[in-house]
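**Student:** What follows is each chain in one-letter form.
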Amino acid sequence: MRHIISVLLENESGALSRVSGLFSARGYNIESLTVAPTNDPTLSRMTIVTVGDDRKIDQIEKQLNKLVDVAALKDITVSGHLEREVVLVKIAINESLKSDLERIVKAFNGELIAVSDTQSIIEMSGSSEKVDELIKSLANIQIIEIARSGVTGLSSSEGALTV
Amino acid sequence: MQLTGADIVVKSLKEEGVEYVFGYPGGAALHIYDAFHRQDDVEHILVRHEQGATHAADGFARSTGKPGVVLVTSGPGVTNAITGIATAYMDSIPMVVLSGQVMKPLIGYDAFQEIDAVGISRPCVKHNFLIQDVDDITATIKKAFHLATTGRPGPVLVDIPKDITAQVAEFLYPETVDMRSYQTPAAATPSEIVTAVEAMLNAKKPIIYSGGGVVLANGQNELRDFVRKLGFPCTNTLMGLGAYPHDDPLFLGMLGMHGTYEANMAMHDADLIIALGARFDDRITGTLNGFAPDAKVLHVDIDPSVIDKNIKADIAIVDDVKNVLTMFNAELTRREEDINAELVKDWWSEIADWRSRDSLWYTPSDTVIKPQFVVQKLHEITGGNAYVTSDVGQHQMFAAQFYGFSDTHKWINSGGLGTMGFGLPAAMGVKFAHRDSDVACVTGEGSIQMCIQELATCKQYDLPVKIINLNNRYLGMVRQWQEFNYEKRYSNSYMDSLPDFVALTEAYGHVGMQIDKPQDVEGALREAFAMKDRLVFMDFITDREENVYPMIEAGKAHHEMRLRPAK
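Those sequence lines, one after another, are chains A and B.
Each residue of the first sequence is one higher than the one before, starting from 1 at the first, in this note's numbering.
Each residue of the second sequence is one higher than the one before, starting from 164 at the first, in this note's numbering.
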């Protein structure tokens, strides 16, 4: 099962390596990991997407909680949640595919940003599935490179993850 | 009061009540060493290798319950200390390691003796710090001691750049620690206690399995009350030995890979396992597939992450095990009339059958020294009261099986990491803490050579430890596995150029003896222990191919033990 774990982390140097080191040392999967400061400058929020059975996820949560720099955590997939990923896709522009491209970008609520006469970047945010779909629908278009942000998310119930 | 960073470090140690710091100087730590020279509140003990410093601090910690303190320089000072830090980490031993670091402006430039100490130690510490500012020294050291000694204890490393130890700041030691992200576990609830005790009162085949957590929590008296109130069989892990007296009829001996037949069979057939401060590691459980198929598991530990890690708990209580035992005992007193000895009567007669197998029995000899015999004599001559450290291998198991411990904090060995080289420096740390007690290091000719340089430290500080070298001219445990699993292909387990240990010991200024006849074992031990102020190295030439029995081999379950071929 796929789980998204939100972690509030002390904004200390080395805190990220404690988390990533824990995952590699114990052989846990990381599908994606994002981290950035929060409105409280002393805390970072990390979003980890991982896969495992209930027992493994229980261990992951307990081991994360054991890290001194981890202030709070929550598996946001246990109830309603909102997850988003940003993707940037650099593509080759081809006159004959232009209308197709505009239709696709519109359908995904994306934006088309010109780089040059021959290349553009599609910017889109959505669930990881949506991002996958976008990439799939670009099958006929020459993709030059892709950057995905990894997942970030919030629980959709009232209240917040707090220290 | 304005002081240099180095003086602040040493004064902070004094504030923490530190008596001894085990260490080795070097460039990045020199300001701190200079500060040591200016005071005599905290004594610095100069070892001969940083691994020795960590093991000595560890031995001090294990025998006193106080944190062990280490000071090393940057680079190789840190890397040499890692083995000892990892040893303490695996056995949850409170330790604070201070390491010098290159000057802040040089960090990241591959400076002379630079190593990323925080990075390299991260997987084997409870937490670590790199001090960035002279004003942070006191709060960081305060946090380090707090982290090392509370909750599930463990080593904490504090890395201090050299320039910071030269800067000046106000010395004001904080009284409290403020760490919002670090909480010690919640207390057990009354309903958890009631549920657990109910399970105990209904058990027909219970076993109490206690580990290192009971030792760390100083819960031995509560454990003894608990076991006796219930009249249940009790077994200890390698780390938990001494928590229950070895000669009490309710005690089944050690369990696990080299545990007794009765302890392992009782675990396998149990209907209720009461795990106290233990973590079901692989040397205890054998194969998880065959582990205690009919048992309900009640698991008490201070660390929530050990619950359900290897074995799923039916009832879990997260708290200090001493608190929980106190609550169990109060509840059992309240329900005294519900304790029904009849319910476990058949269980005890099954256990008696397993016991009659006498699984620790070995073939005595008049011609060759049996290692088990030496350990039994050691018990006799020290009245079972010595602090016993060990290295790792067959001798460690013989010491665990045959010394017979009746007290906690006296059996000092590297259980989790299994670190050869631990025994001698650990014995030094013990001796500093217990000057008037017998301290014996039971070792082998392989292990002792891994930290033998510490004989010089023992000379410098007059540490009269007694070294019992069970010398079989093999890396015995490796050889045993090769005999069982590799058709006796003794690949690199043979030592064919051993030093003359007597001459070597004498070269370090101590007393050496070699004993090769069983008839001389007792006399030699008596003579050695009578020399109260001398370190004596006893080189016992033992049976070359003696094996440790019983043994649960890899992939096997508790009831599939390999026993010594019958008498």
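It is worth saying that the hints were derived from the structure and are not from the lab.
All C-beta atoms, glycine included, are put in the ideal place defined by N, C-alpha and C.
Heads up, a few of these hints could be off.
Pairwise CB distance ranges, derived in the manner of DEER restraints [claimed, not checked]:
| id | chain 1 | residue 1 | chain 2 | residue 2 | range |
| --- | --- | --- | --- | --- | --- |
| 1 | B | 453 | A | 154 | 18 to 28 Å |
| 2 | B | 273 | A | 148 | 44 to 54 Å |
| 3 | A | 62 | B | 683 | 24 to 34 Å |
| 4 | B | 276 | A | 26 | 51 to 61 Å |
| 5 | A | 158 | B | 506 | 45 to 55 Å |
| 6 | B | 336 | A | 14 | 36 to 46 Å |
| 7 | A | 62 | B | 350 | 40 to 50 Å |
| 8 | B | 410 | A | 14 | 46 to 56 Å |
| 9 | A | 100 | B | 267 | 53 to 63 Å |
| 10 | B | 352 | A | 111 | 51 to 61 Å |
| 11 | B | 649 | A | 26 | 53 to 63 Å |
**Student:** Hint by hint, say whether it matches the structure.
**Tutor:** Now the hints, each set against the structure:
1. B/453 x A/154: 18 to 28 Å: Given range 18 to 28 Å: violated, Cβ gap about 45 Å.
2. B/273 x A/148: 44 to 54 Å: violated (34 Å)
3. A/62 x B/683: 24 to 34 Å: violated (54 Å)
4. B/276 x A/26: 51 to 61 Å: violated (31 Å)
5. A/158 x B/506: 45 to 55 Å: holds (51 Å)
6. B/336 x A/14: 36 to 46 Å: Roughly 25 Å apart at Cβ, these two residues miss the hinted range, so it is violated.
7. A/62 x B/350: 40 to 50 Å: violated (18 Å)
8. B/410 x A/14: 46 to 56 Å: For residue 14 of chain A against residue 410 of chain B, whose Cβ atoms are near 50 Å apart, the range 46 to 56 Å holds.
9. A/100 x B/267: 53 to 63 Å: holds (57 Å)
10. B/352 x A/111: 51 to 61 Å: Holds: the Cβ-Cβ distance is about 54 Å, inside 51 to 61 Å.
11. B/649 x A/26: 53 to 63 Å: At 30 Å between Cβs, range violated.
In summary, the structure is inconsistent with hints 1, 2, 3, 4, 6, 7, 11 from the numbered list given earlier, while agreeing with the others.
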